[in-house]
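Just so you know, the sequences run in chain order A and B. Sequential numbering from 0 applies to the first sequence in numbering that gives the first Met the number 0. Sequential numbering from 0 applies to the second sequence in numbering that gives the first Met the number 0.
There are no misleading hints in this set.
No more than 30 angstroms apart at the CA atoms, straight line, and that leaves these computed lysine-lysine pairs for BS3-like:
| no. | chain 1 | residue 1 | chain 2 | residue 2 |
| --- | --- | --- | --- | --- |
| 1 | B | LYS259 | A | LYS141 |
| 2 | A | LYS134 | B | LYS160 |
| 3 | A | LYS77 | B | LYS175 |
| 4 | A | LYS224 | B | LYS160 |
| 5 | A | LYS141 | B | LYS175 |
| 6 | A | LYS111 | A | LYS77 |
Going by beta-carbon spacing under 7 angstroms, a handful of chain A positions derived as facing chain B:
| no. | residue |
| --- | --- |
| 7 | LEU63 |
| 8 | THR81 |
| 9 | VAL83 |
| 10 | ALA93 |
| 11 | PRO96 |
| 12 | PHE106 |
| 13 | LEU110 |
The set of hints was computed from the structure by calculation and includes no laboratory data. If you're wondering where the values come from, they're calculated on a predicted model, not measured in any experiment. All C-beta atoms, glycine included, are put in the ideal place defined by N, C-alpha and C.
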Amino acid sequence: MAGEERNLVPKVQIKAVEKIYEGRNGKTVALNGVNLDIYDNEFICVVGPSGCGKSTLLNIIAGLHEASSGEVLVDGVKVEGTGVDRGVVFQQYALFPWLTVKKNVMFGLKLKKDLTDEQREEIAMKYIKIVGLEKFVDAYPKELSGGMKQRVAIARAYAVNPSLLLMDEPFGALDAQTRTQLQTELLKTWEEEKKTCFFITHDVEEAILLATKVIVMSARPGRIKEIIDIDIPYPRGQESKMLPRFTELKNYIWNMVYKEYLEVQK
Amino acid sequence: MNKNKKGDFVSRIPAWTWTVLSLIAAILVWSLLSKGEVTGRAFPPLLEVFGSYTKMAVDRGVFWSDIASSLISSIAGFALGFLFGVPVAFLMAWYRPVRNIIEPWIQFIRNIPPLAYVPLVVIAVGVGRTPQIIVICIATFLTISITVFQGVINVDETLIKAARVLGANDSVLFTKVIFPATTPFIITSVRLGISVALTTLIAAESTGASAGLGMRIRALSSTFETQPMMLYIIVVGVIGMLAEKILKFFERRLTSWQEKREI
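Construct the complete structure from the given sequences, taking the supplied hints into account.
Structure (structure tokens):
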């Protein structure tokens, strides 16, 4: 499945990234020579069995972890530590429980010195409206459901306007119904803004629904096994899952992931 | 297990009823004990206990000055312990060498009864108010620093990650994330610290103090004056309960964001 002609510079270049953890029981190779280019406006979904290093890879791109060798370039600049050009949404929501919804969304905005207070407020409200929580601006996270918390986290990540959005199984802890709803919303937002996304999931259906490209990672040591272009037409929605092509891709990818899963069990 | 349902007979009884019942039961048990030949020696009739107030406050005129003296020592000692304890806890959590240098000492001294090192303090600084404050300061410092330290190292890692990716540097991370996330632990440390300050009173005031609840309890016990001694013991307990009430007031305001089981 060849991609279309690329003649631009990739937004993200992952070059021979390796990650080795040294623990009490010796070395664990979490990532073993990962190479990947991500282009502007791509929505990359990474699937693979647990322990294949997909979260590690995301953390390295985010600058939260350091690669043991190799490097990651974002817009041609080597990643060293975190940066507001890369927003992250975590599976555990990671909302600041002592801040209201609005103050959570404004957290990153307050650290941007070039904004006035009115601008910060305006931006925060814009994204809170997009995720449909304008009635909860003054609520504390403990008063929100899991789905609402993740909406706040997404609004918070969008508010600082990163050029790359990293999402680490953001819907993994949600019930099926909420998950479906958030997928649809994320899809809609992406179709409008085309913000480059790097999205980790263990749900193959979710990956195909959202992604322009699905990356299948192999079990330990983690490496990229295959990159699959998803040629499901836009606009997509939950009904796209009914397309024969969707089923075909799903079976293909699912089989590959399952084989990797069996490898891990060995 | 909380089996109370709405409309349940038990759940319709106002909460204070139980407290009053418990108090009545305690008075009954005490009265029974005071009737016994053996138990009566330790539990003099309640009326006599409260009656001894006149003896202590009017005849001897020490009751209120004892309370004042103990409050001054414990508040001063506690305040100093808190002032040293909180920053040390953060430093230990932030810089591993600091932790490795200080923590063993805290663990070493923490389990030594204050009564054991009181003489050393007196030898070093002499008698009077100073050794009392120092002993209470040491005891509260140890408790507060350990509790707050546990709080800081238990701050949810993903909150720190989330702040970092939103552009927080070290100082923002500290003031806007780690400090607020630690507030519940700081409150707990205050709670434990107050308790330690009060339980250390007897040791602290065995330094040749001229007034104080702890000093008086020891003095009264050596002259077998059980009634006023009991009165003083009750006073210490009541001070602890009042301090807890005040703390609860602040806790509600500072940590209302916390997710708590509804009780």
